[in-house]
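Engineer: Here is how the chains run, residue by residue.
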Amino acid sequence: MCRVVDLRQAVLAKNDEAAHTLRAELAARGTVIVNLLSSPGSGKTELLERELLLARERGVPVAALTADLATENDAVRLARSGVPVKQVLTDGLCHLEAGMLGRHLDGWLPGDTRLLFVENVGNLVCPASYDLGESLRVVLASVTEGEDKPLKYPTAFGLAHLVVVTKTDIAEAVEFDQAAFLANVQQVNPGVEVVFTSARRGAGAGALLDRALAVAGGTAPHAPVMAQRQRAEAHGHDHDHGPDHDHGPDHDHGPDHDHGHDHGDGHDHGHRHDHDHDHPHTGSHTHRAGHGHVPSEAAGFPPGAPSAVVPTR
Amino acid sequence: MHEMSIAMAVVGQVEEAAQAAGATTVTAVRLQVGELAGVVPDALAFCFELACAGTVLEGARLTAETVAARARCGSCDREWPVGMPPELCCPGCGGASDVELLSGRELQIASVHWEDGPACAPVREPIPEEA
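From first to last, the protein sequence lines are chains P and C.
Residues 1 to 313 (the working numbering) are what the first sequence spells out, left to right.
Residues 1 to 131 (the working numbering) are what the second sequence spells out, left to right.
If you are wondering where the hints come from, they were derived from the structure by calculation, not from laboratory data.
The reader is advised that the hints may include incorrect statements.
[What the hints assert, rightly or not] Label pairs and their computed distance ranges (CB to CB):
id : chain 1 : residue 1 : chain 2 : residue 2 : range
1  : C       : Ala20     : P       : Gly41     : 41 to 49 Å
2  : C       : Gly54     : P       : Thr21     : 46 to 54 Å
3  : P       : Thr21     : C       : Gly59     : 31 to 39 Å
4  : C       : Gly59     : P       : Ala214    : 21 to 29 Å
Idealized CB from N, CA, C, for every residue including glycine.
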């Protein structure tokens, strides 16, 4: 017999549930996640490194997780701040998902962490659709990217709690039109705060940290119009389907695209793992403080060398 | 492109629901995709076919129904199509503090056609008296 069944399930329901759970679990231990989105090359890592250093100087327990398709360069840079840093290699996947993030935090995230900065994959399209359990979502754009970036990537900018403009030290050289940029942000996300920073010159230093600490302290972030829960009746359905379905616990849907980088075992980046690895790493790989990595070490760690970057899989 | 992840989430959820209902074959899936959902329907259709392979959804038809994005201003009561790129400040009074997005962010599995027996009659609208 053939039947038509109204499922009425949100496609990303599982991710949203995992995000909800992660947010609640972290809140219970006093940690909030800050999700940083931007296009590649916008200066996320540079800005974050400064903010992490500032947090450490102020005695705020912070940690950072950075996601890239390949290389550990970003984690090596962030680890110079001396705070716990973890690199996640997505092996080609263009975004992080909440369940994936949760697995990477298990056994790694120090219990006293107040703020966890998640540097999402450099991409303004895909990461925008995935709630990671963050309490503050920040979108960054550098002055070189053009004033119309918010209009070209309305989902990313429209869902942001905070917009950070980077590299303002070269704004004049690239003829950045600040008023036009602000108007475009306002069009897709009325009322959102925009802060201007230059990691090189120190302008806006601490702005991101301050906003994150405010949210961690209980201040409600900006409520984007685009993030509002929509009324079911707005779609023209004239019958009631009742409350949301219960989806049960989160589970993997298909191959796990995501694997980390294991130092010293051959740097097996080319492999695609078609089953879910879960090898929680223990303390031997975890380093709370930086180990004085210089950029030249980014090319490869000798086997067994101490690393400020936690290898994961 | 995250349409593959989206397609796999759709297939996973439909599979789960089909199994729970004892359905053996899923022949069609209808999605609602809001203008502001950040999903490209063509890319999704391509990925959907791949994601269905080897599941009860193999060969299932995907219909993606686009939901227009509309907003309403609480200050002046005006309602408008937000368009793309979206205009979320009120085009009437210019207000931005009391704007409500009525639709456009949907990314939802609306309905599914499945078979829970060997034979399948052509799909038609159910007649109320049948119930």
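Engineer: Of all the hints numbered above, which does this structure not satisfy? Sort the numbers upward.
Structural biologist: 2 and 4
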